[in-house]
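So in the UniProt record's numbering the end of the first sequence lands on 271, straight run, no missing numbers.
Please keep in mind that the hints were generated in silico from the structure rather than gathered at the bench.
In this text, a Cβ means the ideal position worked out from N, Cα and C, and glycines have one as well.
The reader is advised that the hints may include incorrect statements.
[As the list claims (entries may be wrong)] Distance condition first, Cα-Cα at most 16 Å in a straight line; then the derived EDC-like pairs of lysine to aspartate or glutamate:
no. : residue 1 : residue 2
1   : K46       : D61
2   : K213      : E232
3   : K135      : E108
4   : K45       : D61
5   : K144      : D175
6   : K135      : D189
7   : K144      : D130
[To be verified] What follows is a set of in silico ranges between Cβ atoms, one per label pair, in the way DEER data are often shown:
no. : residue 1 : residue 2 : range
8   : E76       : G41       : 17 to 23 Å
9   : P217      : R139      : 35 to 41 Å
10  : G41       : S155      : 33 to 39 Å
11  : T265      : A120      : 38 to 44 Å
12  : Q87       : V138      : 39 to 45 Å
13  : E83       : D216      : 42 to 48 Å
14  : A106      : V43       : 22 to 28 Å
15  : G206      : A113      : 31 to 37 Å
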Amino acid sequence: MPEGHTLHRLARRHRALFGGRPVAVSSPQGRFAAGAAAVDGMVLKKAEAHGKHLFHHYAPDRIVHVHLGLYGTFEEAPHPVQEPRGQVRMRMVGETAYADLRGATACELLSTAEVRAIRARLGPDPLRRDADPEKAWVRISRSKAPIATLLMDQSVVAGVGNVYRAETLFRHRLDPQMPGSALAREQWDALWADLVALMRDGVRRGRIDTVEKEHDPRLQGRPARKDRHGGEVYVYRRAGLPCLVCGTPIAHTEHAGRNLFWCPTCQPEYR
DNA sequence: GGCTTATGCGCAG
DNA sequence: TGCGCCTAAGCCA
1 MPEGHTLHRL ARRHRALFGG RPVAVSSPQG RFAAGAAAVD GMVLKKAEAH GKHLFHHYAP
61 DRIVHVHLGL YGTFEEAPHP VQEPRGQVRM RMVGETAYAD LRGATACELL STAEVRAIRA
121 RLGPDPLRRD ADPEKAWVRI SRSKAPIATL LMDQSVVAGV GNVYRAETLF RHRLDPQMPG
181 SALAREQWDA LWADLVALMR DGVRRGRIDT VEKEHDPRLQ GRPARKDRHG GEVYVYRRAG
241 LPCLVCGTPI AHTEHAGRNL FWCPTCQPEY R
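Using the sequences and the hints given, assemble the complete structure.
Laid out in structure tokens, this is it:
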């Protein structure tokens with residue numbers, strides 16, 4: 001479930017499992033063989049996430065960069081270490097546990113300058129302390145692009161994926177097609193604050209939950225619908241089902257090649 | 001067992 | 001705009 005909260009959660013886990021100690025790094029599959037060899041046995045100094053990017057710092061100019069893409073996964077297990085199953089791009093073995101990376105879009109060894117370059121093209125990340133939401137506001141307030149497009153643009157806001165996009169727009173009753181420049185400053189401030197709160201909750205729980213108690217189907221005798229995002233949501237992948245707030249069937253369309261969900265009543269059309 | 005789908009993104013054209 | 005990446009889960013038969 002790789003939106004930003006997943007990567008921050010992984011960074012935290014990797015700090016706990018491997019941080020400050022030597023890590024045996026390998027690439028059973030072979031595609032990351034050279035990079036793995038370059039850091040094998042070194043001490044993991046720092047693990048951090050920015051948006052959907054994960055960085056393992058072993059030394060200056062020896063930083064492993066991971067991007068999970070659509071279906072990359074990290075799987076951890078306690079010792080004893082098992083034979084790799086399937087295509088394991090990178091295996092990290094620590095003192096008590098190990099982790100296998102599969103299916104990632106990116107797993108590469110980078111220099112300090114290359115990491116800086118990646119981070120320079122990312123917008124503020126609601127999950128980072130050093131995030132400056134003003135930078136995002138400058139981009140949004142000057143753009144005619146739909147807010148749905150802007151929220152998913154990693155150079156505007158880093159870490160927001162399709163679920164958080166759909167859910168925060170719903171929670172703030174915003175039409176996904178509304179141009180960024182039409183957003184009021186107060187609306188952006190509220191949206192950012194909500195992203196910070198929801199994504200922090202996502203890191204803590206390891207799933208995306210966005211439904212407020214008063215709208216919780218379980219409290220109204222209806223079954224809560226679970227989905228692969230792992231939590232409970234208002235609109236994401238609920239096309240045709242009744243809105244939890246007003247009962248209107250949730251709408252769905254393709255927006256820039258991605259699924260977009262919204263409630264036509266709760267998120268009235270911007271004109 | 002096969003088919004479909006996906007929370008992402010870089011690239012070709 | 002559409003494809004490819006290379007994976008797992010859900011669904012159907």
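Against the structure, the hints come out as follows:
no. : hint                       : result
1   : K46 with D61               : holds, 13 Å
2   : K213 with E232             : holds, 11 Å
3   : K135 with E108             : violated, 28 Å
4   : K45 with D61               : holds, 13 Å
5   : K144 with D175             : holds, 14 Å
6   : K135 with D189             : holds, 12 Å
7   : K144 with D130             : violated, 27 Å
8   : E76 with G41: 17 to 23 Å   : holds, 20 Å
9   : P217 with R139: 35 to 41 Å : holds, 36 Å
10  : G41 with S155: 33 to 39 Å  : holds, 36 Å
11  : T265 with A120: 38 to 44 Å : holds, 41 Å
12  : Q87 with V138: 39 to 45 Å  : holds, 42 Å
13  : E83 with D216: 42 to 48 Å  : holds, 44 Å
14  : A106 with V43: 22 to 28 Å  : holds, 23 Å
15  : G206 with A113: 31 to 37 Å : holds, 33 Å
Checked against the numbered hints given earlier, this structure breaks hints 3 and 7; the rest are met.
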